[in-house]
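Modelling step: build the complete structure from the supplied sequences, incorporating the hints.
2 protein chains.
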Amino acid sequence: MKRIAESTVRRLSVYMRYLEELTARGIATTSSDELAEHSGTTPAQVRKDLSFFGSFGKRGLGYSVHELLDRIRRILGLGREWKVVIIGAGKIGSALSTYRGFTTRGFCVVGVYDKDPQKIGRRWDGHLVRDVTVFESDAAELRPDIAVLAIPAENVQSEVDRIVRAGIKAILNFAPGRLQVPAGVTLKTVNMAMELEGLSFALTNRDA
Amino acid sequence: MKRIAESTVRRLSVYMRYLEELTARGIATTSSDELAEHSGTTPAQVRKDLSFFGSFGKRGLGYSVHELLDRIRRILGLGREWKVVIIGAGKIGSALSTYRGFTTRGFCVVGVYDKDPQKIGRRWDGHLVRDVTVFESDAAELRPDIAVLAIPAENVQSEVDRIVRAGIKAILNFAPGRLQVPAGVTLKTVNMAMELEGLSFALTNRDA
DNA sequence: CAGTGTGAAGCACTTCACAGCC
DNA sequence: GGCTGTGAAGTGCTTCACACTG
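Chains D and Y, in that order, give the protein sequences.
Just so we're aligned: the first sequence equals residues 1 to 208 in this note's numbering.
Just so we're aligned: the second sequence equals residues 1 to 208 in this note's numbering.
It is worth saying that the hints were derived from the structure and are not from the lab.
This one's a predicted model, so the numbers in the text were calculated from it and none came from an experiment.
Any given hint could turn out to be false.
[Claimed, not checked] Here are the simulated PhoX-like pairs of lysine-lysine, each with C-alpha atoms no more than 20 angstroms apart in a straight line:
#, chain 1, residue 1, chain 2, residue 2
1, D, K119, Y, K91
2, Y, K119, D, K91
3, Y, K48, Y, K58
4, D, K188, Y, K188
5, D, K91, Y, K91
[Said to hold, decoys possible] Derived list of chain D stretches under chain Y, where covered just means 3 residues or more per stretch with a C-beta under 8 angstroms from a C-beta of chain Y:
#, stretch
6, 87-97
7, 132-140
8, 176-182
9, 197-204
Using N, Cα and C, we set each Cβ at its ideal position, and we do this for glycine too.
Structure (structure tokens):
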């Protein structure tokens, strides 16, 4: 398959949400116009995005909500359960694991790790917090798919290295700083400070 | 000024972090090569990004760390304090307000609001949680700059409308769903579920 | 000579426009 | 007739390459 742009993947997620809403409302068909309208994009963009993966519509009629939802779920890999481990038993990880849309889309927390002796052994959102030093051996047995890295700024790279050594191929990172991962490992970083700086820039330079 | 790409603004934030590190290490000059190396981009990109705002370097010598840091801070609007209100006294808002890099860069929490009677009146990270219905009148006096919207999925648009009515021009949103804001208001949405779906897609379609 | 600043070229994503099918 | 699917055109960000300067 040809390389898919990240922006396309994000839009597929948005289309999926609207299709879920249509399903809940019992609506059976939709169109690229309607999808675009509710996803903040254009009909041509919707059709182009979908065209990378196949032809899911019927000319003159539109798309079957049920079928398109099924197809997009499959494309996004949401037809299965993903085992997620959380590194860092803090507020962000907790917010994420209790997020509606986390469990409902097949993401399942199978382990929580920390290096703080104060936290190790305690319960945290129904999970036992384990020592991060046992993570590699745990992972060898558990085979988690995704690691959420939600630790303070220090030594983030060494935790990334640990996660990579454990054989995990996808990391959602909330820690700041530039991180290195080998090819074949996908790293997505969410940096809240940077988002705020973007707002600061917008406020400072508006109308300019 | 010509319109600046969001990607450029994000990179400026990254350059700033490296310049802060150099300052801490007492290093006085740097180059586009070095900035690129530590920011995951190319020297040409660094120079192009900076060129939108002026000529800050010296040919043959590079950039003064001190001067460039000062310039970038000014560009990003970080030379002042920004008053931030948090709507939704939950875990995400709490994680954000205790985030290193939040207070250190001039973002200051001046109010916390919720609609849950259980939370109103309670202390939350040192702030008194107030009823979200008094937000507009509070804002008229307090004049906050940025609102962080960290509430569950229901009625997010009506909260956005309330924030906009209060005269706030920048919103950092953690709630899901498509939101409308009038021109002149900047909305940045962080959707963790969507980030995870991106990882799910990458895991499913790798090597393909 | 070393390293910036920048027009020009390259590339990737978006939009257009229309042929094709229901 | 209506709406999809898609090559072609358009747009905007990135990379190149080199003139320029300390």
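Hint check:
no.: 1; hint: D:K119 with Y:K91; verdict: holds (17 angstroms)
no.: 2; hint: Y:K119 with D:K91; verdict: holds (17 angstroms)
no.: 3; hint: Y:K48 with Y:K58; verdict: holds (15 angstroms)
no.: 4; hint: D:K188 with Y:K188; verdict: holds (17 angstroms)
no.: 5; hint: D:K91 with Y:K91; verdict: holds (6 angstroms)
no.: 6; hint: 87-97; verdict: holds (count 6)
no.: 7; hint: 132-140; verdict: violated (count 0)
no.: 8; hint: 176-182; verdict: holds (count 3)
no.: 9; hint: 197-204; verdict: holds (count 8)
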